[in-house]
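Given next are the chains, with one letter for each unit.
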Amino acid sequence: MIGIKSYGAYIPWNRLNRKAIYAATGWFNSFTLSYARGEKAIASYDEDSLSMSVAAGMDCLRGIGEEEATGALEALYLSSTTLPYRERQNAGIVAAALGLPEEIRTADFTGSMKAGTAALLAACESVQAGGKSAMVCSADCRQGKAGSVQEQLFGDGGAALLVGDSGVIAAFEGFHSIAADFVDHRRADTDKFDRAWEERWLRDEGFVKFIPRVIKGLLDKYGLKISDFAKIIYPCPYGNVHASIGKIAGAGPEQLQDNLIASVGDTGAAHPLLMLAAALEEAKPGDRLLVVGYGNGCDALIFRVTDEIEKSRAGMARKGVKGYLARRRELNSYEKYAAFQGILPLDLGIRGEDIPATAFSLLWRERKAVLSLSGSKCRACGTPQFPSQRVCVNPECGAIDDMEEYKFAWRKGSIFTFTADNLAVSGEPPAIYGIVNFEGGGRFWFDFTDCELKAVKVGAPVTMSFRRKYLDQGRGVHGYFWKAVLND
Amino acid sequence: MADGIKDKVAIIGMGCNKFGELWNQGPEDLIVEAFKEALEDAGIEKKDIQAAWLGTCVDDVNVGKSAVPLSTALKLPFIPVTRTENFCATGSEAFRGACYAVASGACDIALALGVEKLKDTGYGGLPEFTTLMGIKNRLISPNITAPGAFAMMATRYFEQYGLDPEEGRRVLARVSMKSHHNGALNPKAHLRREITIEQALKAPMVAWPLGLFDCCGVSDGAAAAIVTRPEIAKKLRADAIYVKALQVAASPGEELNYTKWDGAHVETTVRAATRAYQEAGIKNPREEINLMEVHDCFSITELVTYEDLMISPRGRAREDVESGFYDLDGKIPCQPDGGLKCFGHPIGASGLRMIYEVYKQLQGKAGARQVKNPGLGLTHNLGGFPSCSVASISILGN
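Protein chains in written order, with our numbering: chain A, 1257 to 1744; chain B, 282 to 679.
Simulated from the structure, these hints should not be mistaken for lab results. Keep in mind the model is a prediction, meaning the values are calculated, not measured. Some hints could be false.
Unchecked claim - Simulated pairs of lysine-lysine, BS3-like, Cα-Cα distance not exceeding 25 Å: (1) B:K317 with B:K299; (2) A:K1624 with B:K317; (3) B:K400 with A:K1633; (4) B:K541 with A:K1713; (5) A:K1472 with A:K1401.
Claimed, not checked - Distance ranges between label pairs, derived from CB positions: (6) A:K1668 with B:E603: 52 to 62 Å; (7) A:E1660 with B:G656: 50 to 60 Å; (8) B:E600 with A:T1719: 34 to 44 Å; (9) B:G405 with A:A1402: 53 to 63 Å.
Virtual Cβ for every residue (Gly too), placed ideally from N, Cα, C.
Isolated chain A, as found in the complex:
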């Protein structure tokens, strides 16, 4: 049996009430009022599709025990339409951040909203072809122009699925795909924002026709009925259209998986996978799930939930969709949202403009420290140290060249000390940073993120999160490192 072994999600901490968006830009397009319901999740100033993919990947691996899972992985597929690099494989950065071995296959899946399901299919087929396990990480971070419907609907988030040939929680039982150059919206290589065709057309000729068609094709292919499925999972950000697609496909309202628009927004290529992760949180053994990715055609996949599902949900450190939905901050500021998205240029001052060049030879040499947050552990005295050292830092030891690699990324830490710095450059001043002591030993200083000063206390527990550290637009460099996030 091959299929999903674990799932993970990532929804950023910041949420923006859609009424706040309407209050800011409704004067320009009053039509957006009909979408101004619920809230959407927003990537922070230090997040992008790549960092959110890593976060979802970590959540997924935590659901199975990260040490065992990272060592066994043979492929990592990344899917997104908003990847930071067009040339420099994004999946390679994610794989390094997840601490995966270098002897694996990686690929970026992009160019369509169905890139998420395309990557999932590829992962399933990699394992069908004899692989042990493959992971899909997916996130999107699409921007709508101020006053647009997309600005209301798009949200940021990600999901990850680990596929393998043992310990399967949802068996992969079939698929059906349609490819069609149906251009409901598009983004050329120089575009920052989506350009969409008339909404009635993209709804009525797009979602409403393609999704029922791929479902019918899938049912016909495998001789199944719609009633054989516990949940039908498909993305469609328009509430009533989402419901009517189900009706056309013959599904009852109880069979439709919540489209997460009111709580997260449309997370693009990641959205069907995020909805699937949410479905797996509730699924019972024996449930059949039908997952559809939609965008220039469709992919439809069948999964059947196994008895392993309950074991996978019990006692694991995964946050999942529910956990991340509960971990939230009301942003309450359209201006802050616009600044985080890079739409509103902030006066960073000379200190902030002065970004030194990135040395890629150094980055390669130090990739374990920078991308994987790996340091060393002294074989002589057992002291973990970051960054890795040639000479042991323990003054009682001092052993030379007797080190082994030691991963800090997955370890819990606690705040040893901190400050909130108004002088340091930050995307959300004051810059909160401090020194972290890791469980099991090791100490270093880190930026703190997703936190407000009043919650930061000496001794408070933190976990590590892969974030964008700097954006050097002049040289086209997205620089990443790890920050400490307060548990909540």
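Based on the hints, put chain B in the right spot on chain A.
Chain B only, in chain A's frame:
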């Protein structure tokens, strides 16, 4: 232990500019002004100087690298000149170089000059520190600023000794208030206004829990010393000042990378002070030291330095602060010239500026802020961050 430096070197002349935002003075102006005063004070001629040390730290924004900025500004005639740099302890390193050269007999008379031109960056505060720690550190460290780095020590100090942040901030404000009082008496200081504790507490936050008045100023300046062997000094002047100890300690990295350090003190200061007291033959610093110029880049640095120098008991510097022990009329006046707090911190110059004040005080030439009959003075010049530092200590006497 080796003999040490005690009484092997004498200071025969010193100079120090009026520090400030000297928009219309470049490094050459700063160098020449400090040098002129030192030369006149020593009563020698330029040709008598046989070797020189230049202390300057942030080369990107000001003076330039190498010894050449000093040798060309002063037209030193092809003598050996060396540039030293050791973070904020740079000025003391220049002094140490000159003293060791004289003590070794390599030359008779040497010059140490520290200078920094900070006010050409276009922003407040020091230049970004992460650019000073190598490009690897830039990729893995937060954008730490000097106030942020020292604020983390205040957080630890408050935590360790059970000080409520408001209570702790009040103690720190008292430290700054004392320095502003002294600085107001000093015509060479940059900031010359007295402040109240309430004023300090109400000032804008720079890096929590440090507010504006917990931070030293940023200014341009230079200071210089001319040193020689005692037998030559005695021929030149009756009131030469003698070096009793010179010690530096550099962090091995264990504070930041190992979990033993408590975060509420600076280990390099403790190590350098221990060796300096031994070198100078000091048994009980609280009783034997008569005045101090410590590295008060931030009020919290001064507070923990009282303890690290073993003057105040560990965790109890507050009592000495509140009793006025370190005030100008207290038992051990600290920062009689106003300190970094009022002079600002042109990095390369600060260590020599501290020595300048101790030198003037020991000669009884400190004017309105003269301490009564001091016999031994100490300077403490700290570079880097509490978690990774270089501490330099000098003890001078007559």
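These are the hints, each one checked on the structure:
no. : hint                            : in the structure
1   : B:K317 with B:K299              : holds, 13 Å
2   : A:K1624 with B:K317             : violated, 54 Å
3   : B:K400 with A:K1633             : violated, 44 Å
4   : B:K541 with A:K1713             : holds, 20 Å
5   : A:K1472 with A:K1401            : violated, 36 Å
6   : A:K1668 with B:E603: 52 to 62 Å : violated, 40 Å
7   : A:E1660 with B:G656: 50 to 60 Å : holds, 56 Å
8   : B:E600 with A:T1719: 34 to 44 Å : holds, 41 Å
9   : B:G405 with A:A1402: 53 to 63 Å : violated, 33 Å
The structure is inconsistent with the numbered hints 2, 3, 5, 6 and 9, although it conforms to all the rest.
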